[in-house]
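Protein chains in written order, with my numbering: chain R, 1 to 440; chain V, 1001 to 1440; chain S, 2001 to 2440; chain A, 3001 to 3440.
Keep in mind the hints are simulated off the structure, nothing from the lab.
One thing to keep in mind: the hints can contain errors.
One-sided and incomplete, this derived list gives chain S residues near chain A with beta-carbon spacing under 8 Å [unchecked claim]:
(1) Leu2060
(2) Ala2134
(3) Ser2138
If the Cβ cut is set under 10 Å, some of the chain S residues that face chain V in the computed set are [stated by the list, open to error]:
(4) Ser2251
(5) Val2252
(6) Val2266
(7) Asn2303
(8) Ile2306
(9) Leu2391
(10) Tyr2438
Built from N, CA and C at the ideal position, the CB exists for glycine as well.
4 protein chains.
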Amino acid sequence: MFAVWKDNIEDVAELTYYALFALQHRGQQAAGIAVSDGTNIEYHKRLGLIDRVFDGSRPLPGGRMAIGHVLYTSTERTRSVNAQPLVIHCKRGKIAIAASGRITNADALRESLAQNGAVFSTSVDAEIIANLIAREPSLSLEQAVYQAATQMQGSYAAAVMSSDTLIVMRDSLGNQPLVLGKLPGGYAVASESCVFESIGAELIRDVAPGEILVFSPDGMHSLQLPKRPSALCIFEFVYFARVDSVIDSLSVYRARWEAGRRLSQVMPVEADLICGVPDSALAAAMGYAEGAGIPYGDCLAKNRYIGRTFIQPEQSRRVKDVRIKLSPLRSIVKDKRIVLVDDSIVRGTTSAKLVDMLRNAGAREVHLRISSPEVRFCCPLGVDTHNPAQLLASTHTLEQMCMLFNADTLAFLPPDALYEAVNDAGLDFCSGCFSGNYPD
Amino acid sequence: MFAVWKDNIEDVAELTYYALFALQHRGQQAAGIAVSDGTNIEYHKRLGLIDRVFDGSRPLPGGRMAIGHVLYTSTERTRSVNAQPLVIHCKRGKIAIAASGRITNADALRESLAQNGAVFSTSVDAEIIANLIAREPSLSLEQAVYQAATQMQGSYAAAVMSSDTLIVMRDSLGNQPLVLGKLPGGYAVASESCVFESIGAELIRDVAPGEILVFSPDGMHSLQLPKRPSALCIFEFVYFARVDSVIDSLSVYRARWEAGRRLSQVMPVEADLICGVPDSALAAAMGYAEGAGIPYGDCLAKNRYIGRTFIQPEQSRRVKDVRIKLSPLRSIVKDKRIVLVDDSIVRGTTSAKLVDMLRNAGAREVHLRISSPEVRFCCPLGVDTHNPAQLLASTHTLEQMCMLFNADTLAFLPPDALYEAVNDAGLDFCSGCFSGNYPD
Amino acid sequence: MFAVWKDNIEDVAELTYYALFALQHRGQQAAGIAVSDGTNIEYHKRLGLIDRVFDGSRPLPGGRMAIGHVLYTSTERTRSVNAQPLVIHCKRGKIAIAASGRITNADALRESLAQNGAVFSTSVDAEIIANLIAREPSLSLEQAVYQAATQMQGSYAAAVMSSDTLIVMRDSLGNQPLVLGKLPGGYAVASESCVFESIGAELIRDVAPGEILVFSPDGMHSLQLPKRPSALCIFEFVYFARVDSVIDSLSVYRARWEAGRRLSQVMPVEADLICGVPDSALAAAMGYAEGAGIPYGDCLAKNRYIGRTFIQPEQSRRVKDVRIKLSPLRSIVKDKRIVLVDDSIVRGTTSAKLVDMLRNAGAREVHLRISSPEVRFCCPLGVDTHNPAQLLASTHTLEQMCMLFNADTLAFLPPDALYEAVNDAGLDFCSGCFSGNYPD
Amino acid sequence: MFAVWKDNIEDVAELTYYALFALQHRGQQAAGIAVSDGTNIEYHKRLGLIDRVFDGSRPLPGGRMAIGHVLYTSTERTRSVNAQPLVIHCKRGKIAIAASGRITNADALRESLAQNGAVFSTSVDAEIIANLIAREPSLSLEQAVYQAATQMQGSYAAAVMSSDTLIVMRDSLGNQPLVLGKLPGGYAVASESCVFESIGAELIRDVAPGEILVFSPDGMHSLQLPKRPSALCIFEFVYFARVDSVIDSLSVYRARWEAGRRLSQVMPVEADLICGVPDSALAAAMGYAEGAGIPYGDCLAKNRYIGRTFIQPEQSRRVKDVRIKLSPLRSIVKDKRIVLVDDSIVRGTTSAKLVDMLRNAGAREVHLRISSPEVRFCCPLGVDTHNPAQLLASTHTLEQMCMLFNADTLAFLPPDALYEAVNDAGLDFCSGCFSGNYPD
């Protein structure tokens, strides 16, 4: 999710395009941008990656504000009606809404709204927000958003834009990341700070958990939902976020590197080479290598053209094969004792193939090291609701997993070591996927 | 608009595809089909002509019911969100809605619904119907549709489909046409009877003005809105409908032919050849020829590839030129006194070009005969709300128009003659575009 | 095929686009335009209809000359490499070539060229012309074209464009039509004169059989291949050409009308209404009605959106059904004795369906009248080489066909009557499809 | 370039698809595959990346052989006619040809062929090969290929496939890489060995410089062009090839790593962190870090969605900005003395931006180390013929470049050190881009 506010009419759509390009890893199903020039809202959105959605054929006008969104959703919800921002008409006029994350009481809210006659055209949370706001035509927009937010539980980052006002908000758990940046002549708000490097913005601070930031011709001000214990998603540091992002003042790269370093201390092994699974485990592998005093190197090459395709049904088979994505560096691997660092084990389908790949390439030993604890619990705050039975660590012991992976040894980073790696300042995280303790 | 009800699961989507293909002339901006198998509703819709929307890449499952729609709208409303059927979720579950025509109190209804918190994602009337239905969660679906219909004014034909019930309705003026047909093992309802030839259905009867037809597992039954004076749109016979359709038991072809014949009686002229402007005025020209006892023939050839393109903005210029669409049959036209019959004069931009085209091809005289009266008033029931100043006959006298067109003579069919041509049975029409008298 | 020559740089590509749009009926598989500004040749071509190929995304520069082509070919040859104009490099530099029709000794020429090392990238005749020209690097371009033409047999109209010279030619039989027109500041050459109406050109004359027209900075001049007996394809008048075209000074519309009139004389029948199969048999039906003194009218309505689709394989089934294309005018047909005029019977698959359609719509009698003789022989000059067994009249007697069609009576126009209808001036035609006598 | 030979009919097209996916970095303009089942050749090719060209809509049949190609060419030659494999007809029947690299005497060969009447439809070298082969209809295919190869100079890897024979060849300089692999029931030949990991083939050996490998129903055999001094392109190791490839028995990864290590010895500098420019300089940076005994880490994050787009003209502006592609890891960079290793300096446009990016992110010092010598000479064997004036090192001294880049220090790897890094076995390279000495 991205939002921009400017003092003057500019090409805010292009700025948002760049921003969404930097956020593409957070959603590949659909993308969209809505722009307001202070009077009217124009938009364009479609299924597909950002560069396909904005291929130059549908230029957006200049504006003072814009919001943009990349959609991450399950396959069956990949329909064009779910592309965001939603642009709706209600008593207040035209409003654009974009929301990332997951409102956990969505079904109850939708049910209650429907009870009062609401009609839903999509299956996304942004439409619930739209209806909650529309139900309070007598309140100001910011008060209506506040009222709506008090009813929404879960993990979300959302933006609401009328023709003259821009409002962004972060869930009161602070589960989803959201950052505020300064631009020449304006402000930007983004799901991750990596965006700001792309658009030349300067990171000011994180939007606080439960904070509602209002940008209007009168300036910027802030409302605050009742305080709750902070519960930032620790998996942002493990896997979701880009390494160049900083969340709640914590560097993602640094956290991954440090997780790897600590892993080398608590789960050491004699080896010749420390390698990481590209790209998300490379920083952890570097930290492991540093901590272990063993050389770091690549043992797997990644095809740089993978992971980019807007996959057609008939193509799905093709990209399943891990060999298309990763291949071993035989001359490096041969006869070596290798530590392969991965960021996490969810289903575990890839790990077994990678160990085999290294063994076939001549590795003498392969030690698998995971820079996060065992994922044993399904996330009620996440978009993908896995069946717990699909989580390998929920049904297998360490020994069983090690055998399954055909690894010489297997070890996970203990939870405490991960918390310390991410944060030496005592911030509270949601680590329910490891512990089963999710915030209420 | 098209709807089909079957006793068993069949390929109702294909049937609907054929039906929409026969209705393509009623809307070229978007097309869509929703199918229910009795339990769930699936759909596909998109901007474009029907054969482009259903290009084989998105097959729909079999079903017991389906509704289909082709969208006719102004350019600025040509957005994918306006494609129909709308498929929405409300208290009653999933509902698909398609509506043609124009609800004249749409703004007031939308305002009133918004006042109560409604959110609109589109600018089409079907969404108003959706909200009116959703506001009455305690009523049965048919009662809710009835309630909604009592609030809707104007000209429309609509279909509402839940997973197990199909409801169609015609506005209480009977302004929009709507016919009921019998299929093997089921029923079909269509905006025009020409559809039935394509799909092998048999015309049973017209849906009555204000009639609400309900198809459910219990069979078909009918509700009736309070009776109002009938006011079928006479322009359906003049231009809108396909010649092979029969509306309220009146043949469109026969009406046009007869209009031409009567025109020859009241506005005769000495000539060598009677010609019509392809395609909508050919039947009238044949009638004129018959009435006048002068040979009928073609004087203009139409490029059969025109009018088919889903026009890209950059192409718009190309198809403006009437020479691309029509060309003169020089060998026929040369040295002849020609009566050129057209169906109506709205803006009059084409007529002048056609007269010139015939003169340049060597015609000795060109007499323009219009098989309908002068269009002087804008239609509040129609989708295109012309500015009255754009209606040539509202600002020009007959003599001025004749000079403008460079015709030797110009004559229109008097209103009474048109009514008699269309209908010898005393049915009441809306002919407000000629008289200014529109139904309340 | 179309070619234009201008004295100055203009938007010749747009002119050619319009011209090809008027020639679309001669080929729907692919389209292309090549433009020369006197120095360099640019082009664009692709599979598809002209308005899809030139959708605005690939604009061509201005030029002094252009050639354009629409491809008519069998399904298995519908490959993008066969789109024309071909633009090749040879000893003379860049040359663009477009050819319609069929070189009957293509295989022998290709074989002989291959014997000398030629490489063929396509399966179209234009590439043979390219190679024949390239083989004579010491000749001037016009002499090389002349040399090539002396070796080519069959039926063709072709254009060859170097950066500064434009050459067009018509086969020495005059089997393919080709006309020369005058434009402001230039000339145009087209397969049919209907093009000239679209682009505002004036028909000067037909290009003579075996004539090679050369346009260069020195002006226009003409070479003449050895004279052969003229053999214009009579099927151009029966079916191929557009009604508004004039070929070798003969009006196609007039020829069809007159064929119908003569048919009424030699094959009369008592009836209430004379109808034609849209669109190609309407003129003949009008002539029949005039000759018979029986009213002319429509009994079949054509869906104006058909025949326009660039058909995807998965769609082919859909458009096979004649009901999608044509539907009966029940109110007109009912209880009538109808004469249905068609232009020709090739395979005869459609005719039986149409007779049934009229019977089902209530026709009392249906008399089928064909405004051309029985097609009994396959055309060696045509693109589609039918299997003779597929030609209905080659394997069925008149009585058998009548029964097959379920018609009350069936009659064909005798060959002599057709020749007289087309031409009262004694021009010689190729009518081999009727007689089996093809030119050598 | 890729070719596969199988004993039985299999889905060789899918295998080739995977192979081309692994070779995508060698050409992004177009892709294609031709398949032979022993009797007939079918193919599909188009502009675009491999996964777009083969989107499932045009499946190829099974076969015993296939050849595949990805096109790397200049923008002005990005036309669909240049997509390969070429599939041509000549005296020998249907032949498919694919060629990578550059035939340096192409103009002279084309001129000479044109002198004898050849016609060229494309601007690619494969068509020259086609014509050379076609000129010798009396020779066997392998002899014709041999004859052709004796006339071709430069750098190429090519495949020629008739319906029953497959021939591959490597230029006699060995400038282009080409490797032979074993598949279950067959063989594969590829431009790079990285392909073999993707398709499960085993690397047997390099195809020798000047070797012509013939696969036929009689088995595999080899012809050898006259020996020339070996001149493998050293830039394959510097930049072109994938790190997981092995060329002439030399590991690309190892060569890059070793180049980095040697650079640390000859061009040392005091620093806190060694970083590489993603992705091509990471191995060299690791080697530098190891050699220098300074920690290796990331300082730049790469957007994994870049470099993948088939860029539309209107988008070109968007991806020019290096900030879209790379962003600094501020928390890592801050206050550090950084060595940034890049693989080479060609135009130098990116390097200056990266140094600035690191400085803005707080780096205290930025030392630029290039793991190859100064590129001073244009490559006559390469596809992109740079203007020498565009090569920064050809017009600037080391000091000037250092200032231009705003680096604290700048150093290049000396030529000798690069040769030793790549190869300790005395293989001869072409390193003309550094020395100006190109093979004749």
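Against the structure, the hints come out as follows:
| no. | hint | verdict |
| --- | --- | --- |
| 1 | Leu2060 | violated (14 Å) |
| 2 | Ala2134 | holds (5 Å) |
| 3 | Ser2138 | violated (10 Å) |
| 4 | Ser2251 | holds (4 Å) |
| 5 | Val2252 | holds (9 Å) |
| 6 | Val2266 | violated (21 Å) |
| 7 | Asn2303 | holds (6 Å) |
| 8 | Ile2306 | holds (8 Å) |
| 9 | Leu2391 | violated (26 Å) |
| 10 | Tyr2438 | violated (29 Å) |
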